[in-house]
Structure formats: C-alpha cells, structure tokens
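Trainee: Based on the sequences and whatever the hints tell you, model everything.
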Amino acid sequence: MNQKIKELRVGVASCGIAAGAEAVREALLRRAGALPVTGVGCLGHCYAEPMVEAVLDDGSSVIYRDVDASDAAIDNILELGPEHRFEIPEARRKRELVKVMALAGRIDPTCFEAYTAAGGYEGLKRALSMTPAEVVDEVLKSGLRGRGGGGFPTGRKWSFLAAKSNPEKILICNADEGDPGAFMDRSLMESVPHQMLEGMLIAAYATGATRLFIYCRAEYPLAIKHLKIAIEQIYRHRLNIVGGRELAIEIKEGAGAFVCGEETALIASLEGKRGTPRFRPPFPTDSGFEGHPSMINNVETFGNVPLILRDGAEAFAAIGTEGSKGTKLFALAGDLKYPGLVEVPMGATLNDIVFEIGGADRASVKAVQTGGPSGGCIPVELFDTPVDYDSLRALGAIMGSGGMIVIGKDRCMVETARYFLDFTHRESCGKCTFCRVGTMRMFEALERITAGKGSEADLDLLADLGPKVRAGALCGLGQTAPNPVLATLRYFRNEYEEHVKHHRCPALQCNALVQLKVDLAKCIKCRKCIRSCPVGAIADDFTIDSAKCTRCNTCLEQCPKHAISRISEGE
Amino acid sequence: MEAEFSYLSGIECVPGNLIKGLQLIQSKAGYLPDAGIRAAAEYFKIPVVEVEGVVTFYAQFKRVRPGRHQIAACDGTACHIKGSGQVREWLRQELGIDSGETTDDGVFSLNTVACLGCCSLAPVISIDGTVYGKLDRKKLVGILKEYREK
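From first to last, the protein sequence lines stand for chains A and B. When we follow our numbering, the leftmost residue of the first sequence carries the number 1, and every step to the right adds one. When we follow our numbering, the leftmost residue of the second sequence carries the number 572, and every step to the right adds one.
Hints may be right or wrong, so weigh each one.
Chain B side only, calculated, beta carbon under 7 Å to chain A, not exhaustive [as the list claims (entries may be wrong)]: (1) E583; (2) P586; (3) V625; (4) Y629; (5) A649; (6) H651; (7) G667; (8) N682; (9) C686; (10) C689; (11) L692; (12) G704.
Since the hints were derived computationally from the structure, they do not count as laboratory data. Quick reminder that beta carbons are idealized off the backbone N, C-alpha and C, glycines included.
Mentor: Below is the structure:
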C-alpha cells in the first residue's frame, strides 16, 4: 500500500455513539500518533456503525464499518487492512442524490472553518448581495416546499412575513422532531448545524425578522450542544448582523409534546404555556409569538435554503418533479437490511427507496408507513408510486417529515394502527372534543380488536369516526390522527376481518390470539426453553400452559432447533 | 422563594421562560417537587395552578422522585415494529415496575418514551442517557446487572 492516511474520521452522531463510536475515537486518538482524528456527523449508514473513514493523501478514502475499540480493529485501520471494509452498496449509490446532507459525516460539526472551507456561508454572502425581495423571489422560484410535512411553498410563507412592517418580527425553526421513527432533523443538526443556521440567517435577511428562535426537542442533547457551539461561532464572526440588524438566536428546549409540531401550539409553548393550538386566523405571520408576526420553518427546510442561494433557484428546481422540487431526506427503519438516513430526489419511487436503497427483501415486505402517526401505510403493490407531496396524499398517506418504516409480512396492520392511535390519543391536547374523545374511542375499538374481543360493529365505528375526527379537529394532530386507521382499513381490511370474524391474527403478532407450541418432531429435549421461561409455563413434556404463558418469545429465541413457533390460538 | 431554588434568578424573569425554569429545577432535583413548583410560580409570578397545568401537559416533567438510574424504554415506531413491547415486558419481569414507576430499592425508574432517534438500532433503551440498541433479553439482563452493581 503506497497511499498514506492523512486524516481519520469517526462518525460520532447519536447513532454512532449508541453503537460505541466514542470508545473507537478514544482508541484512535491513543494509537494514531500525529494523525488528526476528527469526530464527524452522520454518513447515513446506521446499520454499519461505528464507522471510521481513513482519508488518504490523494483525497480518496477507505471506510471501515462495525469497528470496535480493540487493538486488532484499530491496527487494521491504521494499516489500511482488508477487514471490515465498507463500500456504499452500488444500488444505493446509483439512486441516492446527496445534496442537503453533502457535508454530513465529512466535516467536524463543531468547526466553523471546516464549514466555510466546504462552501459554507457562500449562500448567505450571495443573499446579502441581493435585495431582501430578490431573496424571497429566489426561494419562490426554486419551488421549495416545507419539509416538515405540510408542503406549503416556503417562498410564499416568507413573502407573508416580509410584507409586515411591524418593528419586531419573529423567525422560528421547528426542531421539535416529534414523529416517532423520524431522525432526519436530528442528523442534520448534529452533523452540519451551521447549514440550518445559515438558512435561518438568509431567511431573517429576506423577511426582515428581528428575533430568531430554535424550538428543539430536549431529547436531542447532542444537537443542542452543536447548535450552541455554532451560534457562538456565528456571534464571534459577526454573521448575525444582516441588513444592519444584529440578531439574537435563542434555543428553546421543548418539553415533550407531539402537538407542539403544530405552529400555534409551538408558539404557545415558546411563550411558556401549555402547548395547545388555537384557531387560525389570525395566522402566525399576522400574529404569533407574543402577538408579533412570526414564521415557522422546519430544520430540513432551512437546511435547503443555503443550497438554493449558493447554486441558484434554477439548479435547485432542476431536481425533482413538477410539483415537488429538490431532494428529500428519509429516515429508513423497520424490516429491512440497511436502515439509515437516505437522501433521494423528489419523485424517486418507494421501490427505489425500500428495495434498492434499503435492501429490504421483496418477498417479506407488506407495506411502508410514511409520515408517522399522521401518515398512512402504502401496500407493496403500490410501491411504484413516486414519492412527492401530491402522489402520497392521493394514496391516503402523507410525505410527513420523512419517517419511513418498512413493515414486514409478520407484522399485524391492526396492531400497527392501534400503536399509532395509542400515541395520538395520549398526545391529543384535549382542546377539541372530536380529537380528545374520538381518538380515544378509536383506540379502544382497536384495543378490542387486537385483544380478540372486537366485532364487525367496531369496524363500522372506526370507518364512521375517522372522517369525523378529521373534520372536527382544529389542528394537524387531530386532522391526521385517523389516517393510520383509515389507510389500513382501506388496504388491509381482510386483516381486520380475520380478527373480528375468526379471532385470528394472520400475522400471528397479536398476543391474545396466538399461542406458542413446541414441535416435538424437531425438539432435541435440551430443556433450554424450560429453563429460560420466566413464568414456568413449559412442562417437562414440553407442553406450554397457555394460561401461564405471556407470549414473551424467550423460549422461541432460545431454542437451538427453531422447534417453537407461534400459532393461532386454539389450533 | 425557598433558598434551595434561588438558582432560578439566573433565568430572565419573563413568562416565556417558565418551561426553561422548570427544566432547570428538574435537572437539579431529578424531578419537580411541590416546593419547586411553588418556587417557579413565585419567581415567574404565575399562579401555582397554571404552573401545574404546564407541568402536567409536557411528557418531560416528572412529579415523582426518580431512581438512581433512569431507564427510558423507546416505543417509537421502529422500536415498536422491532419488538419494544417485548422489551418492556422483560423490564417489567426483571424490575417489577411499570412505566412511570421506581423500584422499591430506588435503583431504577422506568419511563416509556416516544422516540430516542436511534431507530436503526431498534429496539433500544437508554439508561441515564446512554443508548443500548439491538436488545435481546440476555443483553438487557446483562446491562441491568451492570447498573445494579454501579
């Protein structure tokens, strides 16, 4: 090997740290001598963490996956050895288009110079050479739509705030990524905090905003830490002075309420109150935080803005579909081989994302859930659908903020719907009766069905209540809460019917409708199951007492011969 | 205001900072004791009932004293799909507590949370902020043992 390593990069975003990247970084620092070891953000390949990238003299690099802190693993890297080498799967490389996350995993998120050396703040510089109205126009022309899920044209929102002549105008970044299953915003903030902040500064210049807030989940400590460091650097380099105004950027930590993703609820929370939404109008851009005109964009939306200003609106609009421009980040998880963060051009199909990029097994996938608890599921038969705002809405799902969960054939769709309603009925703020009571009743019906106590009347109740909750709720939470139920009823009604008519769970997931059984023909009498059963439900003759059994699956996992399986109750 | 909470004066006294103040108290005391709620009400000049209203609205705020080690069991979508229900059942069996409770010996408290943002490692829990992923029963029991001995 003639090449020499010039830099070692370790992915130390939350996913990497959870997989043990800090120990790897320490081991590298100890062993690498004079070689610089840089902690970087997320490369998006969560399944391969911890990852180390060895950058060579000629600028190329060798990436290692599943690295541990042992001497052997570190030596392997320092010698550019063959073990644990990582290549981005070809299918993914072909379909992915990395724009917003281009710097993630490449630079030290806490280093200002690293960001500017990679073209950072070029967008702001160009914006400042234009008039504010021209900047708004540029964003309008780019076709950028809100990445938080709503899909409202960003430039139009900006123009509303820009039109206000109030002395104080508020700009808010919604970083309260509350969808379970979504981590795009966390990754972006942890990996390239300056990019989102640059987008905010550009927006502040364009709209004439005077105060900037970032409303971030308290559950994202690393993101908050990186943002604080970045804000200090912005102050130090006086980049917070735009259009002659010196701007303060304040981080407010959310306290855990899904409804605070809704604009008026978020503003109430910023004001220190319970995060309940209110009637609109007045819209926040007329009267928001403490009565001042306020505008809210999401993290990924702001993350796109510097690219638009740097490369121009035409370049941005050249990517994507007619109504949805640019790229979109997706947090891919669930039943697939390569979970992680992916960025694809708008209009990529679900087939591309789930099978080609995610490496999911075609034979075992049943559906994909987009948009979290506000979204719906899309069955595998419709996976040639292009992913853009309008196509997904037509299918009863939504783009949402970008959580995408792959659901395998062994998962029960009724249970999945029950899970989402469990979440939304608890997160309902309680203001609107239809949402407060309606989601509760829907949840109860789903509980009955998954417990084997449902009837066909419950299916009618769900179909009847769903549209009413949607119509009778004030905010996005209630209006979208029935989506997971209505979408599963639409595409997987047979599963609901099996539950209520025959008391069977076709996916064998609902514990109340399932029992465990030892296949004595396969069993080698090793008694591992008997020893491991936490409730002593397995007798000496390997019969399982269904009344005692909690269906915890411990025996099933312990059995070396796969002789234990879940079967329908009573079979 | 009781002297114990005098650190609140480090926060600017505007109503918008109430949540920040409550977060500070919780970070120092581990939970929000009655006295802390009274102190916040007094400092921000907001009625106690309103402060209590804000506290009960947000999932982050705890009104009971937590254990020495705090377990957050993730029930986000990815974890749910990957069997977080099973993980909670194991925790229930190992610790004898449900979400929102603390073990009698005060070692562990357990809370179910919506998402820890490490979906690709599902199912995950975090203990005192450290995330443990790809859990199975054996791994979980080992982790709990480690903390018990700490």
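Trainee: Indicate, hint by hint, whether the structure satisfies it.
Mentor: Evaluated hints:
1. This hint is violated: E583(B) has a C-beta 11 Å from the nearest C-beta of chain A, more than the 7 Å allowed.
2. A hinted interface residue such as P586(B) counts as satisfied when its beta carbon comes closer than 7 Å to some beta carbon of chain A; here the least separation is about 5 Å, so the hint holds.
3. Contact between V625(B) and chain A, as hinted, is supported at the beta carbon level, the nearest pair being about 6 Å apart and thus within 7 Å.
4. Given hint, Y629(B) at the interface with chain A, holds; its Cβ is 4 Å from that chain's nearest Cβ, closer than 7 Å.
5. With 7 Å as the threshold, the beta carbon of A649(B) comes within range of chain A, its nearest partner Cβ sitting at about 4 Å, so the hint holds.
6. A cut of 7 Å between beta carbons decides the hint on H651(B): the least distance to chain A is about 5 Å, and the hint holds.
7. Hint status for G667(B) relative to chain A: violated, with the closest Cβ pair at about 12 Å, above 7 Å.
8. Hint on N682(B) is violated. Least Cβ distance to chain A is approximately 10 Å, over the 7 Å limit.
9. Restraint check, C686(B) versus chain A: the minimum CB separation of about 4 Å is within 7 Å; hint holds.
10. Hint status for C689(B): holds, given a least beta-carbon distance of 5 Å to chain A, under 7 Å.
11. A least Cβ separation of about 6 Å between L692(B) and chain A falls short of the 7 Å threshold, and the interface hint therefore holds.
12. Residue-level restraint check for G704(B) holds (minimum Cβ-Cβ distance to chain A is 5 Å; threshold 7 Å).
Hints 1, 7, 8, counting from the list given before, are not met by this structure.
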